[in-house]
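4 protein chains.
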Amino acid sequence: MWKHLVSQLGHVELKTPVVEESAAFFTDMLGMEESARDGDSIYLRAYAEFHHHSLKLTQAPKGDRPDVGHIAFRAHGPEQLDELVRIVEAKGLGEGWVDGDLGHGKAFRFKTPDGHPFEVFWEVEEWQAPDGLAGPVHTRPQKLPSRGSPVRRLDHVNITCNAVQPVREFICDDLGFMHAEMAVIDGTEEELISLTTSNNINHDVSITKHPKGWSGGISHTAYWYDSRDEIMRLADLCRDYDVEMEWGPARHRGSELFFFYVREPGGHRIELCTGGYLVFAPDWKTVRYLASENQAVYWSGELPESMYGD
Amino acid sequence: MWKHLVSQLGHVELKTPVVEESAAFFTDMLGMEESARDGDSIYLRAYAEFHHHSLKLTQAPKGDRPDVGHIAFRAHGPEQLDELVRIVEAKGLGEGWVDGDLGHGKAFRFKTPDGHPFEVFWEVEEWQAPDGLAGPVHTRPQKLPSRGSPVRRLDHVNITCNAVQPVREFICDDLGFMHAEMAVIDGTEEELISLTTSNNINHDVSITKHPKGWSGGISHTAYWYDSRDEIMRLADLCRDYDVEMEWGPARHRGSELFFFYVREPGGHRIELCTGGYLVFAPDWKTVRYLASENQAVYWSGELPESMYGD
Amino acid sequence: MWKHLVSQLGHVELKTPVVEESAAFFTDMLGMEESARDGDSIYLRAYAEFHHHSLKLTQAPKGDRPDVGHIAFRAHGPEQLDELVRIVEAKGLGEGWVDGDLGHGKAFRFKTPDGHPFEVFWEVEEWQAPDGLAGPVHTRPQKLPSRGSPVRRLDHVNITCNAVQPVREFICDDLGFMHAEMAVIDGTEEELISLTTSNNINHDVSITKHPKGWSGGISHTAYWYDSRDEIMRLADLCRDYDVEMEWGPARHRGSELFFFYVREPGGHRIELCTGGYLVFAPDWKTVRYLASENQAVYWSGELPESMYGD
Amino acid sequence: MWKHLVSQLGHVELKTPVVEESAAFFTDMLGMEESARDGDSIYLRAYAEFHHHSLKLTQAPKGDRPDVGHIAFRAHGPEQLDELVRIVEAKGLGEGWVDGDLGHGKAFRFKTPDGHPFEVFWEVEEWQAPDGLAGPVHTRPQKLPSRGSPVRRLDHVNITCNAVQPVREFICDDLGFMHAEMAVIDGTEEELISLTTSNNINHDVSITKHPKGWSGGISHTAYWYDSRDEIMRLADLCRDYDVEMEWGPARHRGSELFFFYVREPGGHRIELCTGGYLVFAPDWKTVRYLASENQAVYWSGELPESMYGD
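Residue numbers (my numbering), protein chains in the order written: chain A, 1 to 310; chain B, 1 to 310; chain C, 1 to 310; chain D, 1 to 310.
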């Protein structure tokens, strides 16, 4: 049930052993703009985003699994930021204020019950288009990029965990997200995946049970396109320019999204998506699938084995 | 600024001198389902809508202009319904409770400062798919229709008025919608059009200055598609089956929507749209165009003269 | 190398144990029109086809594999029809004239070296739209159908055989088709699949080595769409209305076609396709892939095992 | 009626007062590749074209109207080249052999009865992809470009003339093209526009009556896209990067093409198109429209006045 404490997913920090190659993928293939560099990090945003960045890439040693730095949400206002801090502190999950990251004001760091590194902030720096890049459409801060197949905006993250339910309850009951959908393992009430959302899109955080029971991970970060054709153009480009394609383009049954999963050079799974439904009902009844109903596939191919891993 | 008193545009009642022909257009061309008939009215819904109906067509004598019966919004909850009643009563715009319309609970009728017939309700009857029509996707209550080019859901209404600002202030300041966009007449602060929204879509109510200064009218009712191709398929069908096409398919600059305007047999302008941006920021700064910037056209043709009329 | 003896693939006769169910699939899902019934057969055409039919469905007992009745080509003229008869007779493959099938003049029946039942005809009956079905576009004989996701025209057949090369040489060297593409088994010159065409589309006959070495079969019959979205709409409909989907929507590397394979109720594999390249060069150099290069997949999923069978 | 003397439209030479700006438009916006520079000329090709170039841009003083250098067709073979020379010489329209232009063998220059500068050639140089640009799809010589919205191939030219019929008869009766469509002025047999084709696409040469009766001109040069979305992406880019848009994106009734007309920096009208029908029938009956039926518009807006000029 929405509490309107969080207004949206703000940005994601991905750690990559090849930060320059990763940045080149996001700028050349996904048409993103580099908004800043600072230390070991490169900040990027999509063409329709007003915020300073939606993606922070940070150089890191190659690890066992692609590592997420943090996942940041924007509060619904300054009071809601304080209220969120009270809530996570009361749960014993708070980690304290983080100050001085580029592009936004003070942020509070906390963990989900499964250990995911979350942050919440309110104040944000608006990105200013450099000379010549502002365009005739005022509802986005810049012209459509003419390179690659440009993403419009950050859409969602999918986090992996040992058990879905405690994380989902924390996100919905405490942080005030709506529980839009779930798939439960047949004959049980154990959640295999749950989709939750802070606003009207059908999910900005999805929570998946890790097949090996690992905690605190990320399955993928998803960017939004206006049309399926743009995603298929990206698939053409990925094939021709040797980007690793993992699944799709195809269509999910749950979420109704048209999707495409690729791996950026640092090993992170990136989803590109469009379509799907919006949740408008404050009394939305969580949509339920059985795992055996294969919520993942509306059409075009089964889930590849690799998708079960990080 | 969102107050979260209204959760969404619920339904629109259009008066038509040819109710059967009008209903045939919505079912055959737009793939809508008839959910009920009652007296002089036919109730219809789109395939992804859970509510009993999003459109009520009511037989009426042919008037000077296409006549709207009422425009109904769903509150954000029962308390928010009461709060809305208090607000409009305090403004002297309340008209009293309406009971017994099909498909939803008690509704409160009121007028905008320009006389538009609005209603607000909370309780709603969920549509139940008849045998064989429920499909494998649980986030919509039925299979995709196989006739015409089916619309997914009601998107917005555009109302016309003598002056935009008082209506826009009522909708935003009193009813708690976000003021997403406006175009002002050059050299003045007079609003030519304003887009307002009760949720994250960029507008569910747009307000246009009537070229003749008439009050309380409706310019058009808009339904949503998942893709541009579906709208172009509809254009093909409209041409082949003699539906009056008024403008597009083309793309708006304001709202960024891909659009198509047609006239249903009763004379009402119906917009079909997809794409566009979402508003996530609680501190969204109203996007401003000058009338001379032609907010209406991103590409493909000027606004036809007829679009200025009812 | 084109000899311009054949102008196009004309029609395909598929034998089905459930002729009514098969016909319902082609009319309801693919938007085809029934042009005639005669004895055990139902004749169908797509909305942009001028000929009497492109598909003949004939009632037959359920066999071990979906059975093709015959595959008919239109000659490039009456002299070319005679020339084709001379050529196949000289090869000892002629079977004689067939007279009196609906929708076209006399046809000559012959077999490929692998036993496929081919016919060639010149005179053809033009389909006349019944009252109210002729539309404003004169380059197709009827309005766009408003049901299902309508196919535009017959595109190609894929025939299976014990060995590709003799069939491909017969079709290209004798019948005068262009050899557009092939995939050869690595380390050999044995053709796994060859694409051949009587005109500028990249193939109207493709020839595949049957995995079990069976002769004279058909892998699939393909219809053409104007856009990928129409094919994805069909996929939605197939999922919701329980049509068996086999592969795709996705994109081939060879042919560059966007494809979708389904099974009609009689068991025949039907491909729906769009895109791809045209062959304009009279001196076209046959494009060559190795089997290991996986000509079948440009993106979106591997060839399912079932695709190797009939 | 096809004589198969010409196999395809080969290339077009456009004279431009701003050759560098023109070339930048074709490479940056349409994703074309520069294949050579020679003297005052820049040669360009689209990503799926095997020939050395399909467009030659030549520096020229700014004239009264955009000026075409020449329009070149590829013969169907060396004998057909000789046969074409005999035919045009017999008509007194021959101008002699041209030798030494880049990218193809000897070409014969001639004029249409209305003075259009035509050439025909057979031998052609195949473009070789530079290191790293050859991709995994062998039916095109290079990877999909990742800049702008890349065109696939040259599609057609539209030439303007004092009277259509003599030019159309020359192209069809003498050069052996098929007369696919025409629109005649109401109450007369005078052709306003005729579509003719040397192969299966519905036209590679269209012939339009010039509104001022001028001879020997060109209305536009058209490039082909695989999808409508790519054309709409180009429209977005044109709007954001200040390319002059003239008409569309929209859909023609004649040809059934989805179209978009822009002006390149040198003033030439360039059409971008996709869709439409193919002509397979050797006995195709020329499709006929009346001028009053407005063959130009299937949907989305009337022909702008400017389209009537050069």
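Hints in this document: simulated from the structure, not taken from any laboratory. Keep in mind that the hints are not guaranteed to be accurate.
Just so you know, same-sequence chains aren't split out, so a pair can sit in one copy or run between any two.
[Said to hold, decoys possible] For lysine-lysine, the following DSS-like pairs were computed, each having C-alpha atoms within a straight-line distance of at most 30 Å:
#: 1; residue 1: K3; residue 2: K62
#: 2; residue 1: K285; residue 2: K106
#: 3; residue 1: K285; residue 2: K143
#: 4; residue 1: K3; residue 2: K143
#: 5; residue 1: K3; residue 2: K212
#: 6; residue 1: K62; residue 2: K111
#: 7; residue 1: K91; residue 2: K143
#: 8; residue 1: K62; residue 2: K285
#: 9; residue 1: K3; residue 2: K91
#: 10; residue 1: K106; residue 2: K212
#: 11; residue 1: K212; residue 2: K111
#: 12; residue 1: K143; residue 2: K212
#: 13; residue 1: K62; residue 2: K91
#: 14; residue 1: K143; residue 2: K111
Status of the hints after comparison with the structure:
1. K3 / K62: Neither: 39 Å inside a chain and 46 Å across chains, both beyond 30 Å.
2. K285 / K106: between (35 Å within a copy, 22 Å between copies)
3. K285 / K143: between (40 Å within a copy, 19 Å between copies)
4. K3 / K143: neither (35 Å within a copy, 32 Å between copies)
5. K3 / K212: Neither way: K3 and K212 sit 33 Å apart in one copy and 44 Å across, limit 30 Å.
6. K62 / K111: within (23 Å within a copy, 62 Å between copies)
7. K91 / K143: Intra 44 Å, inter 43 Å, cutoff 30 Å: neither.
8. K62 / K285: neither (42 Å within a copy, 42 Å between copies)
9. K3 / K91: Answer is both; intra-copy 17 Å and inter-copy 28 Å each pass.
10. K106 / K212: neither (35 Å within a copy, 51 Å between copies)
11. K212 / K111: within (21 Å within a copy, 58 Å between copies)
12. K143 / K212: neither (44 Å within a copy, 36 Å between copies)
13. K62 / K91: neither (33 Å within a copy, 63 Å between copies)
14. K143 / K111: So K143 and K111 fail the 30 Å test inside a copy (37 Å) and across (41 Å) alike.
In summary, the structure is inconsistent with hints 1, 4, 5, 7, 8, 10, 12, 13, 14 from the numbered list given earlier, while agreeing with the others.
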